Amino acid sequence: MDFSFMIETAPRLIEALPITIFIFIVATILATVLGILIAMLRERKLPILTQLMWLYASFFRSIPGLLVILLVYYGLPFILMVFGINIGFISRVTYAIVALVLYNSAHISEIFRAAYRSIPESQFDAARSIGMTRRQMSFRIILPQVFPVAWPSVGNAVIEILKDTSILYLIGLVDIMGQAEIIIANTFGIYQLEVYFVIAIIYWILSSFVGWILDKVERRLSKYKGGEVA
Amino acid sequence: MFDWSAFFEGIRIILTAVPRTLLMSAGVLLIGIIVGGIMALLRMNRVPVLSQLVKIFVSYVRGVPLIVHLLVILYSIPDATASLLGLVGIEYDTYNFPSALLALLAYSLLESAVESENIRGAFQSVGNDQIDAARSIGMTRRQSLVRIIIPQALTVAIPLFLNAFIKIIRSLSLAFTVGFVDILAASNVAAALTFRNLESYFAAALVYWVICGLLDFFFSRLRIGYSMEERIS
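Quick note, the sequences are listed as chains V and H, same order.
Letter 8 of the first sequence, counting from 1, is numbered 8 in this note's numbering, and no numbers are missing.
Letter 126 of the second sequence, counting from 1, is numbered 126 in this note's numbering, and no numbers are missing.
No lab work stands behind these hints, which were simulated from the structure alone.
Misleading hints may appear alongside valid ones.
[Stated by the list, open to error] Which chain H residues face chain V? A few, computed with CB under 8 Å, are given here:
#, residue
1, I67
2, Y201
3, D216
[What the hints assert, rightly or not] Derived DSBU-like pairs (lysine-lysine); straight-line CA-CA distance at most 30 Å:
#, chain 1, residue 1, chain 2, residue 2
4, H, K55, H, K167
5, H, K55, V, K45
6, H, K167, V, K216
7, V, K45, H, K167
8, V, K216, H, K55
In this text, all values refer to a predicted model and were calculated from it rather than measured experimentally.
Yeah, the Cβ is synthetic: ideal placement off N, Cα and C, and Gly gets one too.
Make the full structure from the sequences, and use the hints.
Below, the structure written as structure tokens:
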């Protein structure tokens with residue numbers, strides 16, 4: 001282990017961190033929104049859409065993240081070309097975000113479905129009986145209660161998304177891992193362990209930080225947990 | 001367009017890797033449970049230095065992506081083995097380190113951190129009042145452990161273990177970094193042979209879907225049966 005090299009490399013790796021963080025934040029927001037939508041569609045029992053969403057969730061939950069990335073990277077251009085859309089200007093970042101959203105929204109939808117199921121049936125009847133519309137019921141009764149229940153698991157899923165960003169370099173994206181490949185190539189592969197160890201530490205700090213923020217939010221949300229009358 | 005013959009050729013190649021992947025997953029889970037159990041014991045008994053070390057190890061494993069772990073292990077364990085053997089005076093080429101053994105070591109090490117948390121959680125789910133009750137009717141520590149705590153902890157832990165098995169099958173898709181050929185790596189081989197990437201990856205997706213979907217279905221059936229039994233008794 002060459003510690004002086006590790007200290008030297010760290011800034012060069014951190015240079016590439018913004019792209020990782022950008023992909024992580026965009027993918028997290030989109031995956032959560034899509035996950036909630038899928039969970040709602042599956043619970044609404046709409047004829048064909050519910051089955052389609054079941055198929056979607058089952059498919060993306062049973063294949064590994066790397067395979068999703070490869071399928072999107074090789075499959076999406078194929079589909080777009082069939083529709084005659086120019087794929088020349090679609091960047092790798094887009095493919096990466098699409099793949100992460102597809103993969104993680106399936107996992108997140110399952111979390112929200114379980115949280116939704118935890119709300120007693122009587123609350124729906126109560127909301128209906130005082131004349132709430134469906135939309136009012138969703139926004140005022142269901143979602144405020146679903147969030148505190150789902151949050152701890154969603155937090156875990158968010159950290160999974162952060163960790164999933166580490167395999168995006170396999171489709172040629174120059175994020176922090178891609179940068180590592182470049183540094184290793186430039187030093188003729190003698191400092192592999194050092195570089196990857198620095199990356200491990202960066203990811204460790206990053207996910208501890210994200211975990212700390214999620215914990216804070218969880219503490220805030222837990223006030224609303226358990227049918228407390230506000 | 002979509003080349004069906006390449007797709008079926010891909011499935012044929014991938015299926016040869018399925019037994020190997022399942023066997024490796026089972027091995028990883030088994031070692032993970034054993035080592036994780038020891039780690040959970042260390043933490044639950046608050047063994048001075050070791051429990052802190054386990055805590056740091058678990059945080060490290062959970063906070064760092066799998067592929068980074070694998071790369072760190074790939075570039076450290078074979079070298080460490082070579083220099084250890086060098087001390088005894090045996091010449092050892094690091095390229096000879098068997099990839100299946102390296103994958104097994106790496107994944108079991110990482111899995112043990114996950115399982116230690118699962119096992120700890122399972123033990124904590126058994127209320128303290130039950131232990132007090134067992135002791136108050138005159139059970140010894142061992143009796144209360146074997147008859148009261150472990151059976152209840154297992155009902156919590158077994159579903160977690162089964163889920164972990166499915167997760168390991170999927171996470172082995174990154175084992176190509178240490179040279180182990182699992183389902184996804186086999187589909188890469190197929191892609192190289194047939195020159196069709198998309199078809200091979202679709203074949204892999206189908207195989208994963210069938211395996212993980214079936215396992216998930218059986219395991220959830222098992223879980224329902226389990227919890228029903230619990231409710232009746």
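Evaluation of the provided hints:
1. Look at H:I67: its Cβ gets to within about 5 Å of chain V, closer than 8 Å, so that hint holds up.
2. Annotation: interface hint on H:Y201 holds; nearest CB of chain V at approximately 5 Å, less than 8 Å.
3. Evaluation of the H:D216 hint against chain V yields a held restraint, the C-beta minimum of about 7 Å falling below 8 Å.
4. About 22 Å separates the Cα atoms of H:K55 and H:K167, which keeps this hinted pair within 30 Å; it holds.
5. For the hint linking H:K55 to V:K45, the alpha-carbon distance of about 44 Å lies beyond 30 Å, and the restraint is violated.
6. This hinted pair checks out: H:K167 and V:K216 have alpha carbons roughly 28 Å apart, not beyond 30 Å.
7. Between V:K45 and H:K167 the alpha-carbon distance is near 29 Å, which keeps this suggested pair within the 30 Å criterion.
8. Distance check on the hinted pair: V:K216 and H:K55 sit about 21 Å apart at the alpha-carbon level, within 30 Å; holds.
Checked against the numbered hints above, the structure breaks only hint 5 and satisfies the rest.
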